[in-house]
Amino acid sequence: MNRAFRNLVALQFKEFFREPEIIFWAFVLPIVLAWLLGVAIGSSNGLTRTVGVVESGEAPREFWDTWIAGARDALDAAADATAAGGRGGGEEISFRVLPRDEAILSLKQGKISLFVERGSGGGSVRYSFDPRNGEARMTHLLVESALGGGAAATGNAVAALEVQGTRYIDYLVPGLLAMDIMSSVLWGIGWVLIEIRIKKLLRRMAATPMHKSMFLFSHFTARLIVNAIEFLALFLFARWYFGVKVQGSVPALVAVFIAGSMAFTGIAIFVSSRTANPRAGNGLINAVTFPMMLLSGIFFSYNHFPEWSIRFVKLLPLTMLADAMRSIFNEGAGFAEVGVPALILAAVGVVFFAAGMKIYKWY
Amino acid sequence: MISVLNVRKYFKDVRAVDGVTLEFPKGTYTALLGPNGAGKTTLVEMIEGIQKPDSGEIRILGRGWARDERYLRRVLGIALQETNFIDKITVGETLDLFASFFGRGRDAAPRILDLIRLTEKRRSYVMNLSHGMRQRLSLGLALINDPELLILDEPTTGLDPNARREVWDILRDLRPRGTSLLLTTHYMEEAEALCDDIVIMDKGKVLARGTIGELAARYAAEAALVRRTRESRETSLDDIFVALTGRHLDE
Ligand SMILES: Nc1ncnc2c1ncn2[C@@H]1O[C@H](COP(=O)(O)OP(=O)(O)O)[C@@H](O)[C@H]1O
Ligand SMILES: [Mg+2]
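From first to last, the protein sequence lines are chains X and D. Start counting the first sequence at 44; every next residue gets the next number (our numbering). Start counting the second sequence at 76; every next residue gets the next number (our numbering).
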């Protein structure tokens, strides 16, 4: 390989590893974040594993007291039987008695994920929840299987697989990994390039026979390696501490990782193409990363969003990357399922790269 | 070596370079002398292919930027008015990086370190260098490809007299190699100390050109008028500048 290319890649590394704060932000912060969120939300009854219980004329409080007591016993028995999983499992479910209109409001606000009403026949009940909300479906499943099947019947392998991959930490970790790729690339390539322009070093480098696309490609290469290290650090922590597992295809995961890095590299190069102003550069990168962090379902599923917006949210590169990684981690997906999003992400990278190169301000 | 033909560059209402025509012969050391805002950087960056002229033509070694950019990048050695290097990259690494851009081997950086007298600092981070050392590093990067033609934009601005003299010594050492030099400065001592060919520039235009002797002879009468208020008997570049513009160089 070309000596200039090797030198440029080495330069990124030296710059990276000679800066202790960068190590902190890149490695320690995501792990701390995963740990905090995983422990805080994963092991308490948290935000979504609350069942609303609707009080009414034909279903007074006494009726529900008996029902809840029964459900609790069944759930405890079920939990004991499947206690093999990692720490921070968080299958605890709490119940809240409330009138129907308040139950609907609480559902909208995410305070409960489903509610039960007394059904038509005898002691039967009726569940109400959004079928696209995975948390709600999971809660429903847990309550139902505990009440209906009993501990002995659900203690088999199929039930265990259902539990693995539906904990909050299982949802969170692939999203955090995706988000890390995004912010690492946008700051580590986009911001670094803007900084080099601000220093007037970019124009000095461009005023040599250096090939400009090779220069940009060296940044991509260096970042890919740094990203891989960051990815492994967070993944290994999550695996060791929370028992998070990759259930799907590892080669597909690698492909998605590279495709996602390509997408964000293209975007980073586009974003860095013109500005030589630190505040504008900072603002631009935040303007790209921040909405995606909020909208792409990294911390909480975007399925709670209004229907019209979900179609838009699914087009965001971070959503595509996080969803693809999550399906590999939790749903056992492989190339068949994530091939299309991976190709789209790679294409996004190529298109933005080409557009950025066209308008790039070297001098 | 360089020919500049009727070159213009305006920024909105500022006439940075306003119809300049100049020839720079091979092997000479030329100073582009003028106060801040005279248009030196704009002119020199157009010659370096970093800025594009609004009109006019620039040719270097018979070639133009539009067609022969790669060739010209290879043969030119340049130092911009301002370049900041990466803080935590060493002097040696910075030089070797640029050497590799020119397809030079690992032996290039040590040779240049010796030339710019920074061998002892080769393992220091750029952030720990003095201003004078940084300017010498800039000069070193300009020299990394053994250029025939060296273009330096204010290589000693802001340096103390000692640091300035060190840069001058390095540049003088290059003369026997046949290197051509074009440097901009607003220090007349620098122009006098280094260059046999002086171009005086102000407000985007070339006001006068020649050796010190030629300029002194040509503007002796005007300069004498200016000088009357002072004690000196020699005609200085500053006197000539005042005679031409009514202002001092450093105003
Ligand atoms: N990019 C620019 N935009 C607007 N004005 C500029 C720009 N570059 C230079 N100028 C103006 O052009 C004039 C000449 O500037 P410059 O070439 O830097 O002069 P010098 O190098 O002799 O100090 C100055 O008035 C400066 O303000
Ligand atoms: Mg200048």
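Think of the hints as simulated: they come from the structure by calculation, not from any bench. Quick caveat: nothing in here was measured; it's all calculated off a predicted structure. Careful, some of the hints might be misleading.
When the alpha-carbon atoms are kept at most 30 Å apart in a straight line, the in silico DSS-like pairs for lysine-lysine are as follows [unchecked claim]:
#1 Lys255(X) with Lys401(X)
#2 Lys196(D) with Lys242(X)
#3 Lys280(D) with Lys404(X)
#4 Lys87(D) with Lys243(X)
#5 Lys163(D) with Lys242(X)
#6 Lys280(D) with Lys255(X)
#7 Lys404(X) with Lys163(D)
#8 Lys242(X) with Lys87(D)
#9 Lys280(D) with Lys101(D)
#10 Lys127(D) with Lys404(X)
#11 Lys243(X) with Lys255(X)
#12 Lys280(D) with Lys127(D)
#13 Lys87(D) with Lys57(X)
From the structure, some residues in chain D lie toward chain X, with a derived Cβ separation under 8 Å [what the hints assert, rightly or not]:
#14 Arg142
#15 Thr158
#16 Phe160
#17 Leu249
#18 Arg252
The C-beta atom is built at its ideal place from N, Cα and C for all residues, glycine as well.
Please work out if Lys255(X) and Lys401(X) have their alpha carbons no farther apart than 30 Å. holds, 12 Å
Assess, step by step, whether the Cα of Lys163(D) is no farther than 30 Å from the Cα of Lys242(X), and give holds or violated. holds, 14 Å
Holds or violated: Lys242(X) to Lys87(D), with C-alpha atoms at most 30 Å apart: Holds, because 25 Å separates the two Cα atoms, which is no more than 30 Å.
Please work out if Lys196(D) and Lys242(X) have their alpha carbons no farther apart than 30 Å. holds, 22 Å
Let me know if the C-beta of Phe160(D) comes in closer than 8 Å to any C-beta of chain X, holds or violated. holds, 6 Å
Does Lys404(X) lie within 30 Å of Lys280(D) when you go C-alpha to C-alpha? holds, 28 Å
Hint check: is the beta carbon of Arg142(D) less than 8 Å from a beta carbon of chain X? With Cβ-Cβ at 15 Å, over 8 Å, it is violated.
Taking only the CA atoms, is the gap from Lys280(D) to Lys127(D) under or equal to 30 Å? Holds - the C-alpha atoms of Lys127(D) and Lys280(D) are around 17 Å apart, at most 30 Å.
Does Lys101(D) lie within 30 Å of Lys280(D) when you go C-alpha to C-alpha? Holds. Lys280(D) to Lys101(D) sits at ~23 Å (cutoff 30 Å).
Interface hint status, Thr158(D) versus chain X (Cβ within 8 Å): Constraint on Thr158(D) satisfied, holds at 5 Å.
Restraint satisfaction for Arg252(D) [CB to CB of chain X, less than 8 Å]: Interface hint status for Arg252(D): violated (21 Å vs cutoff 8 Å).
Verify the proposed pairing of Lys280(D) with Lys255(X), using a straight-line Cα cut of 30 Å. Given that 30 Å is the threshold and the Cα spacing comes to 35 Å, the pair is violated.
Violated hints, listed in ascending order, are 6, 13, 14, 17 and 18; each of the other numbered hints is respected by the structure.
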